[in-house]
Amino acid sequence: MSTTVHPEVTWAQRSSDSEPERNYLYVNLKTPDVPKADAKLDITPTNVSFTGTSGKGVTYSVSLDLYGEIDPENSKVHHTDREVELVLRKKELKMEYWPRLLKEAKKAHFLKTDFDKWVDEDEQDEAAEDDYANNFGGFGGEDGGGLSNIDFSKLGGMGGAGGMPDLNALAGMAGGAPGAEGDEEDDDLPDLEEADGKSKIQEIS
359 MSTTVHPEVT
369 WAQRSSDSEP
379 ERNYLYVNLK
389 TPDVPKADAK
399 LDITPTNVSF
409 TGTSGKGVTY
419 SVSLDLYGEI
429 DPENSKVHHT
439 DREVELVLRK
449 KELKMEYWPR
459 LLKEAKKAHF
469 LKTDFDKWVD
479 EDEQDEAAED
489 DYANNFGGFG
499 GEDGGGLSNI
509 DFSKLGGMGG
519 AGGMPDLNAL
529 AGMAGGAPGA
539 EGDEEDDDLP
549 DLEEADGKSK
559 IQEIS
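If you read the sequence shown in the numbering used here, its first letter stands for residue 359, the second for the next number, and so on.
No lab work stands behind these hints: they were computed from the structure.
Keep in mind that this is a model prediction, so the values were computed, not measured.
Careful: at least some of the hints might be erroneous.
[What the hints assert, rightly or not] Straight-line alpha carbon distances no greater than 35 Å define the calculated DSBU-like cross-link-like pairs of lysine-lysine that follow:
id	residue 1	residue 2
1	K394	K464
2	K470	K398
3	K398	K461
4	K414	K398
5	K452	K388
6	K449	K465
7	K394	K470
8	K414	K394
9	K470	K414
10	K394	K465
11	K449	K388
12	K470	K449
13	K388	K465
14	K461	K388
15	K398	K464
16	K394	K449
17	K461	K394
18	K470	K452
19	K414	K452
20	K465	K452
21	K465	K398
22	K470	K388
23	K464	K449
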């Protein structure tokens, strides 16, 4: 009998008020041993939903109602044997970070900040300039740079204290500060099949 669980979800972000390709969310769904054939991913401007069954009979399912809107047509996905990596372009150009990933300020036990890729809002240009300049030029095009060209391990700049996020930001990034507005979990699990009329997401092999 298949067991259904939330996958672990990690995330980080970058922002820009003038360059769309530098204004994105990095979301990682930990879905070990889930083949593409048994996975369904649906990305809309306000939601990311995934379901997939591993070779061991574990079904991973999650629905993320996002804090703000994204641009599905200029977002990318890379499915591996261990995880699903998403680069989601934020629709609104602004320097301010999203205060959290999810629309509602609820603590989700499966959602965590990706410390390896996180940098402070006011230090992001210095920490990630080279990676952006060299790898994100073709963010929205079929022939542009994709996840396979990005060294995500270099996006964080976490070598010293200067790259560490402040505690208030982390609390928001994790879905809301503990105790701030409850500890409810996001258990909405809608049909995740990509429907006609929804923007097609570029798949990176």
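Right, here's what the structure says about each hint:
A distance of roughly 30 Å separates the Cα atoms of K394 and K464; the hinted pair therefore holds under the 35 Å criterion. For the suggested pair K470 and K398, the alpha carbons sit about 22 Å apart, so the restraint of at most 35 Å is met. Taking the CA atoms of K398 and K461, the gap is about 22 Å. The hint holds against a cut of 35 Å. Taking the CA atoms of K414 and K398, the gap is near 17 Å; set against the 35 Å cutoff, the hint holds.
Note on K452 and K388: the hinted pairing holds, with a Cα-Cα distance of about 29 Å set against a maximum of 35 Å. In summary, the hint linking K449 to K465 is supported, as the alpha carbons are separated by about 24 Å, within the 35 Å threshold. Distance restraint check for K394 and K470: the Cα-Cα separation of roughly 24 Å lies within the 35 Å cut-off, and the hinted pair is therefore satisfied. Between K414 and K394 the alpha-carbon distance is near 15 Å, which keeps this suggested pair within the 35 Å criterion.
For the hint linking K470 to K414, the alpha-carbon distance of about 25 Å falls within 35 Å, and the restraint holds. Between K394 and K465 the alpha-carbon distance is near 29 Å, which keeps this suggested pair within the 35 Å criterion. Of the pairs offered as hints, the one joining K449 and K388 holds, with about 25 Å between alpha carbons and a cut-off of 35 Å not exceeded. For the hint linking K470 to K449, the alpha-carbon distance of about 22 Å falls within 35 Å, and the restraint holds.
Simply put, K388 and K465 have alpha-carbon atoms about 18 Å apart, close enough for the 35 Å limit, and the pair holds. Distance check on the hinted pair: K461 and K388 sit about 21 Å apart at the alpha-carbon level, within 35 Å; holds. In summary, the hint linking K398 to K464 is supported, as the alpha carbons are separated by about 25 Å, within the 35 Å threshold. As the CA atoms of K394 and K449 are separated by approximately 27 Å, the hinted pair is consistent with the 35 Å bound.
For the given pair, K461 sits about 28 Å from K394 by alpha-carbon distance, which is consistent with the 35 Å threshold. Our distance criterion of 35 Å between C-alpha atoms is met by K470 and K452, whose separation comes to about 23 Å. The suggested pairing of K414 with K452 is violated, with an alpha-carbon distance near 43 Å, which exceeds 35 Å. Distance hint between K465 and K452 is fulfilled; the C-alpha atoms sit about 25 Å from each other, no more than 35 Å.
Between K465 and K398 the alpha-carbon distance is near 25 Å, which keeps this suggested pair within the 35 Å criterion. Pair hint K470 plus K388 holds up; C-alpha atoms about 11 Å apart against a cutoff of 35 Å. Under the criterion of a C-alpha separation no larger than 35 Å, the hint pairing K464 with K449 is consistent with the structure, at around 23 Å.
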